[in-house]
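S.K.: Chain by chain, the residues:
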Amino acid sequence: MSTPQFTVGQRVRVRAVFPPGHIRTPYYTRGRVGTIASLAGIDPNPEQLAYGQLDHPPVPVYRVRFRQPDLWPNYTGHPQDTTIVDICEHWLEASDDA
Amino acid sequence: MRRPHDVGGLEAGPLDTEEHPSEPWEKRVLVMRQLLGRQQPPIISADELRRGIEDLGADDYNRLSYHERWTAAIANILLHKGVISVDELGQQMHVVETRWQQERAL
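Heads up: the sequence lines are chains Y and U, in that order.
Counting along the first sequence from 1, when you hit position 55 you're at 55 in my numbering, and nothing is skipped either side.
Counting along the second sequence from 1, when you hit position 15 you're at 1015 in my numbering, and nothing is skipped either side.
Extracted from the complex, chain U is given alone in its bound form (with noise of 0.2 angstroms):
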């Protein structure tokens, strides 16, 4: 079974390698990341997260950007280990849309 990393040797065609900008919500995911691995077991260690990433699959794999697919392997792996619940991340994915909301209205 060859998971959606695992490329090499395959046809890819040429790379990008213009520097992108963070975004701000960009960083905020490698710092959560950084917190979640700092821990005495980890909660989230780096071998973790890759696999979580892998996990997504190949469609969500490609089709994600580097921080989205490091937002969706966090969340899968914070459900799955019981962290947070899916109704808590519900309502604040709720609450951080309207707060967004109403700041793009201003």
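Just chain Y, same shape as in the assembly (with noise of 0.2 angstroms):
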């Protein structure tokens, strides 16, 4: 469960899902495509760690590098801007968008 999924250099999209709970997943990022920057580590969930489940097996976070423009539809700073987030593989899936 916790072998990593992704690979560096694949395009993944974070998951549009909005549950309620303690979250690390930024609101802006949700539902946006990204690529996979680097394995972060391979950590306990911090969405079980907030209500006391210690118990739980460890995921694996990515560095997910995010171009400016596609996370915020105004952006008027360099398009070659990128802004880097870490976030749990549960979060993410695969995209085909380039």
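Accuracy of the hints is not assured; some may be wrong.
What the hints assert, rightly or not - Stretch-level coverage of chain U by chain Y, calculated; a stretch enters the list once three of its residues show a Cβ under 8 angstroms from a Cβ in chain Y: (1) 1006 to 1014; (2) 1046 to 1057.
Stated by the list, open to error - Under 8 angstroms between C-beta atoms, here's a sample of chain U residues computed to sit facing chain Y: (3) R1002; (4) P1041; (5) V1096.
To be verified - Some chain Y residues flagged as far from chain U (calculated, every beta-carbon gap over 10 angstroms): (6) R13; (7) P60; (8) R63; (9) T82; (10) E93.
Just so you know, the hints here were simulated from the structure itself, not pulled from any lab data.
As the structure is a computational prediction, the values presented were derived from the model and not from experiment.
Glycine is no exception: its CB is placed at the ideal position from the N, C-alpha and C atoms.
Two chains, two frames, a set of hints: combine them into the complex.
M.R.: The structure is reproduced here in structure tokens:
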């Protein structure tokens, strides 16, 4: 379960779901497509730690690089600007979008 | 559902970057939180504290100061876990308030 599914350079889409509860995946990334920049680590899931559940298996966490214009529709900076967000694997799905 | 802390991309106005000296009670809150997180397993982990702060809801989240949020969240989590009881907390708040009133009157 904790073997990383995604590889560096792969295009991924952040799941566009909006459950209640403690979530580290920023709202502004939901539904957006980015690129796996690296594996940040295999760490306990903060969504479970936040409720005092300490016995679950750790999950892969990736650094995902987004193009700023893909995050902000009215972005006025340089079109090549990027931002990197740490995101747990269960929030990501493979994407065909270039 | 967007929780009150998750403000990336929202209009927020300018940041206040002034240094604020810590009040003594704020330092005590900080140390209390460190001690609560130092047990194995922690009585309150950093993740639980963050969840507790978000659980305060948008009104309290935006109204309370940084250390007031911590205090409110720590109290709620300790009550939920049964580490302290509502009655104990109420009694002790009364003791502290009475002491504060007496010291202020001197």
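S.K.: Compare the structure with each hint and give your call.
M.R.: Going down the list of hints, with the structure as the test:
A stretch counts as covered by a chain when three or more of its residues have a beta carbon under 8 angstroms from one of that chain; for the segment 1006 to 1014 of chain U and chain Y the count is 3, and the coverage holds. Closer than 8 angstroms: that is the beta-carbon criterion, and the segment 1046 to 1057 of chain U has 5 residues meeting it against chain Y, so the requirement of 3 holds. For R1002 of chain U, the interface hint holds, the least distance from its beta-carbon to any beta-carbon of chain Y being 5 angstroms, beneath 8 angstroms. Nearest Cβ of chain Y to the Cβ of P1041 of chain U: about 5 angstroms, under the 8 angstroms cut. The hint holds.
For V1096 of chain U, the shortest C-beta to C-beta distance to chain Y is roughly 28 angstroms, which exceeds 8 angstroms, and the interface hint is violated. With a least beta-carbon separation of about 18 angstroms from chain U, R13 of chain Y lies farther than 10 angstroms from that chain, consistent with its non-interface assignment. The Cβ of P60 of chain Y sits about 18 angstroms from the closest Cβ of chain U, beyond the 10 angstroms cut-off, so the non-interface label holds. Non-interface call for R63 of chain Y relative to chain U: holds, since the shortest CB-CB distance, roughly 16 angstroms, exceeds 10 angstroms.
Residue-level check passed: T82 of chain Y sits 15 angstroms from the nearest beta carbon of chain U, beyond 10 angstroms. Chain U leaves E93 of chain Y outside its interface by the beta-carbon criterion, the shortest separation being 20 angstroms against a cut-off of 10 angstroms.
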